[in-house]
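Asker: Residue 80 in our numbering is what sits at position 80 of the sequence shown, and the numbering runs on without skipping anything.
Not one of these hints is a red herring.
Quick list of simulated restraints, FRET-style, between CB atoms: (1) Asp-8 - Val-127: 53 to 61 Å; (2) Gly-2 - Val-127: 51 to 59 Å; (3) Asp-96 - Ser-4: 48 to 56 Å.
In case anyone wonders, no lab produced these hints; they're calculated from the structure.
Being a predicted model, the structure only gives us computed values, none of them experimental.
Positions of the beta carbon are idealized from the N, C-alpha and C atoms, including for glycine.
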Amino acid sequence: AGPSALLDEMYHTRRMFGAGLPGAWPFAAVALHYLPGFLERFSAAVTVSESFIEQVTRNEAFTVDRVPRGTNLFRLQVRTSDPASFRLRLRERGIDLGAARSGGNFLIGVNETWNRRQADDLANTFVAALEL
1 AGPSALLDEM YHTRRMFGAG LPGAWPFAAV ALHYLPGFLE RFSAAVTVSE SFIEQVTRNE
61 AFTVDRVPRG TNLFRLQVRT SDPASFRLRL RERGIDLGAA RSGGNFLIGV NETWNRRQAD
121 DLANTFVAAL EL
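Using the sequences and the accompanying hints, generate a full structural model.
Answerer: And the structure:
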């Protein structure tokens, strides 16, 4: 229900989401709850991630490949013979990193969880995880 000018173009949107629209309200409620302050929290996380990148790439074992045109994702190349063990050592230190992709790089996303630790702590932890 609503003004016909608003609803004229809704046919395809409704088809795209199918029967999910009536059941999507809980997800929208959670998003709405966390919306206030998101920009500030995310901006702070970006600052932490940029500092982390600057610090961790001082070590020759790490290089960063940024995704073109800006995004919250970047690829971290780790020069290690055993990416799975590197990942396990990070997990033991409280950092959950996704599995290495082809070529041994890790796809890392910047989100609000970056605010849980300082950039230097993160960089030092990554460097320490190189060691056996």
